[in-house]
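If you're matching them up, the sequences are chains A and B in order. Taking my numbering, the leading residue of the first sequence gets 169, the next gets one more, and so forth. Taking my numbering, the leading residue of the second sequence gets 842, the next gets one more, and so forth.
Any given hint might turn out to be false.
To be verified - Looking from chain B toward chain A, a few residues come up when the C-beta cut is under 10 Å (computed):
id	residue
1	Val853
2	Gly857
3	Asn872
4	Tyr876
5	Leu884
6	Arg885
7	Phe889
8	Tyr891
9	Ile901
10	Pro902
11	Gly904
12	Leu931
13	Thr942
14	Ser945
Claimed, not checked - Only pairs whose alpha carbons sit at most 27 Å apart, straight line, appear in this in silico DSSO-like list of lysine-lysine:
id	chain 1	residue 1	chain 2	residue 2
15	B	Lys938	A	Lys269
16	A	Lys226	B	Lys911
17	B	Lys898	A	Lys246
18	B	Lys898	B	Lys859
19	B	Lys938	A	Lys217
20	A	Lys245	A	Lys190
21	B	Lys859	A	Lys190
Stated by the list, open to error - Okay, the calculated bits of chain A under chain B, using three or more residues with CB under 8 Å as the criterion:
id	segment
22	210-221
23	263-269
24	273-280
Calculated from the structure, these hints are not laboratory results. We put the beta carbon where it would ideally sit given N, CA and C, even for glycine.
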Amino acid sequence: AQSVAQPEDQVNVAEGNPLTVKCTYSVSGNPYLFWYVQYPNRGLQFFLKYITGDNLVKGSYGFEAEFNKSQTSFHLKKPSALVSDSALYFCAVRGPTNDYKLSFGAGTTVTVRA
Amino acid sequence: DVKVTQSSRYLVKRTGEKVFLECVQDMDHENMFWYRQDPGLGLRLIYFSYDVKMKEKGDIPEGYSVSREKKERFSLILESASTNQTSMYLCASRDSKDGYTFGSGTRLTVV
Numbered sequence: 169a170q171s172v173a174q175p176e177d178q179v180n181v182a183e184g185n186p187l188t189v190k191c192t193y194s195v196s197g198n199p200y201l202f203w204y205v206q207y208p209n210r211g212l213q214f215f216l217k218y219i220t221g222d223n224l225v226k227g228s229y230g231f232e233a234e235f236n237k238s239q240t241s242f243h244l245k246k247p248s249a250l251v252s253d254s255a256l257y258f259c260a261v262r263g264p265t266n267d268y269k270l271s272f273g274a275g276t277t278v279t280v281r282a
Numbered sequence: 842d843v844k845v846t847q848s849s850r851y852l853v854k855r856t857g858e859k860v861f862l863e864c865v866q867d868m869d870h871e872n873m874f875w876y877r878q879d880p881g882l883g884l885r886l887i888y889f890s891y892d893v894k895m896k897e898k899g900d901i902p903e904g905y906s907v908s909r910e911k912k913e914r915f916s917l918i919l920e921s922a923s924t925n926q927t928s929m930y931l932c933a934s935r936d937s938k939d940g941y942t943f944g945s946g947t948r949l950t951v952v
């Protein structure tokens, strides 16, 4: 079985400070890892993914995520947060099999205060 | 851009009613999925489909069924709606490069 843990329900940071949203996963075989973001009253939007290659994945708006195989983690980071980064963030994983099922974490609400 | 369209944004149904949630994608994707989203639980997979007329149970299929008669359309059916099925329902399709596109969601309230 595959699963994702997002240990923090909420993350609160001041604008301009670093932002980290944590994600750990469990899956058989090499993982396919994803971050999705959901803004208020909006649908789920793809943010970035890791499938293979460089462990550091760069996304939009200055975000990046680092795949760490030994720690089974895929934390999302941004060096300097903006108020507009406030949203609900989901980490997701699937295994290398051909069923393509994505398993999601419970989500982390990020609030960036001005 | 891929479009995944869910026919209703909001629905209110009575307990015991049969409910159909429709999802259409416009990019000839083979894989389609139905999730429900609940606060604190994230997204949980209800059913998915590899191709036309093919379906597989996800993690929480009880009380639901699906239909995929055409490649572009994947319907979720609540055979007899109950209050614990009040939720946000999200449909998704997947392309060959692991791009998953989600619809805007249907917020279903069962009273």
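Worksheet item: Broken hints, numbered, in rising order?
Response: Structure breaks hints 1, 2, 9, 10, 11, 16, 17, 21.
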